[in-house]
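Single-letter residue listing:
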Amino acid sequence: MVVPMGALIAIVSILNSEDLIGIFRFLKNYYPLYVTFVCLILPLVLLMISQIKKTREKVKGRNPNV
Amino acid sequence: MEKISITKIQALMLGITSITVTGHLLFIPVIIVHAGRDSWISLLLATIPAMLIGFTVALLSQRYQGYSMVEYSQIILGKWFGKLVVFIFLFYFFHEATISIRGLGEFYTSAVTPRTPIMVFLIAMLVLAGYAVRCGLEVIARTNQVILVTLIPIGILASALTHKDKDYRNFLPILEDSFGPVWDGTLPIISLYSSIFVLSMIFPFVNDTKQLKRYSIITMIILIMMFVGPVTGVVAIYGAERAQGLYFPTFLTLRDIEIGALQRLDILGILLWSLGSFSKVTLFLYAIVLAIAQLF
Amino acid sequence: MFKLRNKTKQPFSQNTKNLEEQQTILSELDENIKKYKEIFGDKSDFSVRYIQGDSFKLAIVYIASLVEKDILDQHVIKPLNNQLQQSTDTIDKIILSTNKIKDLTNQEDVIKHLLQGHSVILYDGKTMAYAADTEGGERRPVSESTTETIVRGPRESFNESIMTNIGLIRKRIKTPKLKVNKKTIGKESNTSIAVLSIDGIAKTEIVEEVITRIDKIKIDGILESLYIEELIEDPKRYTPFPTVFNSERPDRIAAGLLEGRIAILVDGTPVALLVPATMGLFLTSNEDYYQRYDISSLMKLLRGFCFLLSIVLPGLYVGLLTYHQEMIPTPLLVAVTGQREGVPFGIAIEIAIMELTFEILREAGIRLPKTVGAAVSIVGGLVLGQAAVEAGLVGQATVIAVALTAICSFTAPSYNIAITARMIRFILLLLSAVLGAFGLIFGLLFLLVHLNSIRSFSVPYMSPLVPFHKEDWKDLFIRVPWRYMKQRPDEITNDNQNRKR
Amino acid sequence: MKLRTITKIGNGKIEHIIILTGVMTNMRITKCCLIMFFLFLLSGCWDKKELNEVAVVMGVGIDKVDKEYKITAQVIKPPTGEQAGGGGSELPTWSVSATGRTVLGAIRNLNELSPRRLYFAHLQVIIFGDELAREGIAPAIAWFERDRDSRAGALLVVTKGTAEDLLNQKIELGNVSSKSMSELIERSTIRQISAMEIKLRDLMTILSTPGIEPVLDVINPKEIRGKVETFELDGVAIFNKDKLKGYVYGSDATGTEIINSKLNFSIIEGKCPKQEEEYFAFQITDFLSKVKPELKGERITLKVNVTLEGNLLDQTCPLDLLKTEYLHAVEKEIAMNIKNSVENEFQVAKNLGSDIYGVGREVRRFYPEYWKEIRGSSDYLNRVDFDIKVKSNLRRSGLIIDPTEVKVKEETD
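Chains as they are written, first to last, in the working numbering: chain A, 41 to 106; chain B, 16 to 311; chain C, 5 to 505; chain D, 84 to 496.
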């Protein structure tokens, strides 16, 4: 598993046309938005949904008829 | 039922190394391009989102104790939608690993050994990372511990040695163009700190998750502090105008240290980024492998 | 010669077969003696002495080369004679003044005891025999260690007798909690080994593991403790690093026991083993504990630095001088450039040749008699180096680098870690000759991951560096005064960590 | 996903640890990959450069000849024959010149002349010829900024003639002229003078920052007894943007150093009180200047607060200068001197349209709004006033209280 994944990453990063100039531009323009979405917004959404579920369960637990 | 267990400090240290090093190498120029001499304000502004992400990751891991991100996403969102979200994360991990390894390769080819094919660095790093992942999380965590313990003194040394060249009046005027550029600069920092989310793959193996939230938040604060030195240092040395548009400003500051016999400290920079990038690539590779294993 | 047991059955198979067939001791003395003569060979060092009275006849059999004649005469034959003269019916209650007397019932035991240098007393008409410890033979006295020398501290070192060695340790740790677990290993050599540990300090799991691994050993003979070392190492992962510590100093072994480690003594060699062994153990000299803490802290730091240097220096030298000249201070570069002119080989090849030469010299120096060894090092080190420089074959800087590496590698207190360092040095040299700084860093990272992945008897090799144990750091890079060293190593001992009560 | 269980001891029980790997086949692949990788490496040594394959460039001179850049590189000459193996940090040098449309082009042409690869990582000094400097130095340093081999620590100097001439001078103290030049500047404080000591990095910073213009040291060959024997640190060159505009000589040239707080350990001469044509010399041991602009309407007042300490080390006048009444005069004289230096140099620079003190930069730092109005032209220089406050302290006077000269005079009285 490790080896194939490593190989895949290697291939991608070699084929990656992003040379230094490209990486820099990419990091400057699009990447932050994308990462912020994936790693900040999504986890927050996850947390919120889980919170909602939890409170709902609590309410249910307290009041089984609801 | 994995019996791999690491301490929470080890886990957070993994986060610190991986974020700091690629951050210093690839993100500081981006931040400076956006925010210029007000980069430090961007850094301060990023504190709250950074703490938020640290808190979120820790809370999720605490709430779903022993489950990794892959598993609890599916618990929270249901099987199929959860898998979709996991897939997004996975793609991101993959992307991040690629970029950081490529960044290291580019660093070597453009600043250290220009004639060596970039492939050598990429493959060598991956072979190493693969080997480390094969050895398991405990080994990764321990190796990283050694690395971080070496890196921090080097970093402090570097910023102490460059102190002579720094002119802190370069930070004036503050907020010349009001908050616009500062916001632009904040986003890359937030995105950089967000990548600590990768620790959600590691936290299930932490043997004691008590006070994890507090520890993660402290970690984020440490991370902020670790960026203050380089970000301000670069601007203080080169002035905002020249600092914008340097590919590896932090490396250049190290390169130009000249204090008596202490000259030409490129090797410190190279050491710093090689070790750190190794940690990061290993961490992400581990996360990817584990995530795929748990997903299918 | 030392193949596994199931493969070597040819030469002595007849004797063994005899043994297996006739288990019990025969009641007729002459028959018995005849049998043993058959087994050991008639004209060998197998000896028999008869004592005959009116109503009894007994024989004392022993192997002459293993027995101390004085003991035999004074403590076995003389008392036997005396007692038998007085009364003839108390054969069963003979009192001998040797170390130990054992009742034997079967032939196999008799042979075993004979081979251990015991004398066996056989009676006519009885299927019982008594073994008396008359072990002797020539032994080296306890003398000063030549391989591990120190300035201050006890001079004693182990000798080849396991009993003496155990005694040397017992003298240092006078507690009944010191458990000695004796075993005999080696199908043909029947070497006795002893596993020593202190109850309540050593982790019982590790003790059990050590004993299990020793019990699993299948070998025909054990001539040195390295056989044991290799056979009980963690088999999972190959590593060039030693995971079993060895020393011939009883104080060193005793210190290890007090830290909760487990010692393995092997008969016939002065080198004792200590497990679990961590990296730090190999870089510690026992003199660190016999000198004042501030001095020994400095020495420890220096030694660690030298060890690192002895690994990376040639690689670093090559990397800097062939790839990264920009990192060398200008005056130094100019100086070295001056020396390099007209030197035929590249720096990498040059330093490899010099390192190799040095290794050859060192090897030659070890194998030669002491008096000649010094001459070799003078000829090799001084004459050869000087001549090579003057002939313009190598640069002076290279000679300096090689010499520095060599000296650094001699600071390692443990011989086997120094050899490992040597091996790694060449690999790093190769890597950095090919890739420059990246190669060196690559190699070091690989080393780091590897070091972290190995364990010695479940204890991580790099402990206590990582996993981090705050208390143990007091004895890692520095040594704090004894009054602050309150705990035993964390990974090795589980409970009873306090040194002081 | 295959799961592999391996056994490991620890905590008494044999634990089963599940490691995620599909090992057995992967082991072989890993080994193959490793072998391939190392074979690949063995074809390596891409960046290898043996020391006897490179020529270490110590100094570079850049001139402009017929619209082309003319690069003169001074390299260390390796010892030959019997000298080999000698070493030492002072080896003879060799200079070689070539021209090209760009700096890198010229260096390529240089490499056609040099059997060894020119190696710029140990560049000590970059010299601009007068002509090139007047046309602009920014295009000439672009390659030095970009290339990984060159270093931002190289000193920059201007010479009045051509850079090639300067580099080719043989001097008496030291074999390597470019090293001597860099030492002339870098160790100036030891020799009790002060030099600007502008490195490539500083120039990059200054050129890219609006509101400040660079000032470079000037080094010229110095003839002694009809023959060039050494170099001379001869004032400073004043630039407007990256173009050389003029020179300032003598004590006026210290203005920039005063503003930049770089005057430590240099010597100030002043007139003795009450006596014309008699002088004292004062060594500065501690020097600090703080600059702050103040905006009043259209006028920019540059407030310069100088605090200095020092020793009175020499005098020609037979007076006990340590007496309180003279002491004040001495301190006043020093203050006068400093004021004059600052104002005179500024005056020269102003006429050349150059903001060498970074007044614009300072204004920007404290009055960013106003800076937005005035940026774009150097007109604001005409509206600059100086408010220089010097607080000087005479701390010590060497080993004697009053010199013998004073005693001699007392005798004659």
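One thing to keep in mind: the hints can contain errors.
[Unchecked claim] In silico DSBU-like pairs for lysine-lysine, Cα to Cα no more than 30 Å straight-line:
{"id": "1", "chain 1": "B", "residue 1": "K225", "chain 2": "C", "residue 2": "K478"}
{"id": "2", "chain 1": "C", "residue 1": "K222", "chain 2": "C", "residue 2": "K186"}
{"id": "3", "chain 1": "B", "residue 1": "K228", "chain 2": "C", "residue 2": "K222"}
{"id": "4", "chain 1": "B", "residue 1": "K181", "chain 2": "D", "residue 2": "K455"}
{"id": "5", "chain 1": "D", "residue 1": "K326", "chain 2": "B", "residue 2": "K179"}
{"id": "6", "chain 1": "B", "residue 1": "K181", "chain 2": "A", "residue 2": "K100"}
{"id": "7", "chain 1": "D", "residue 1": "K160", "chain 2": "D", "residue 2": "K305"}
Hints are computed from structural coordinates only; laboratory data are not their basis.
Here's how the hints hold up against the structure:
1. K225/B x K478/C: 28 Å, holds
2. K222/C x K186/C: 17 Å, holds
3. K228/B x K222/C: This hinted pair is violated, its Cα atoms lying about 53 Å apart.
4. K181/B x K455/D: 26 Å, holds
5. K326/D x K179/B: 29 Å, holds
6. K181/B x K100/A: 62 Å, violated
7. K160/D x K305/D: 24 Å, holds
Checked against the numbered hints above, the structure violates hints 3 and 6; every other hint is satisfied.
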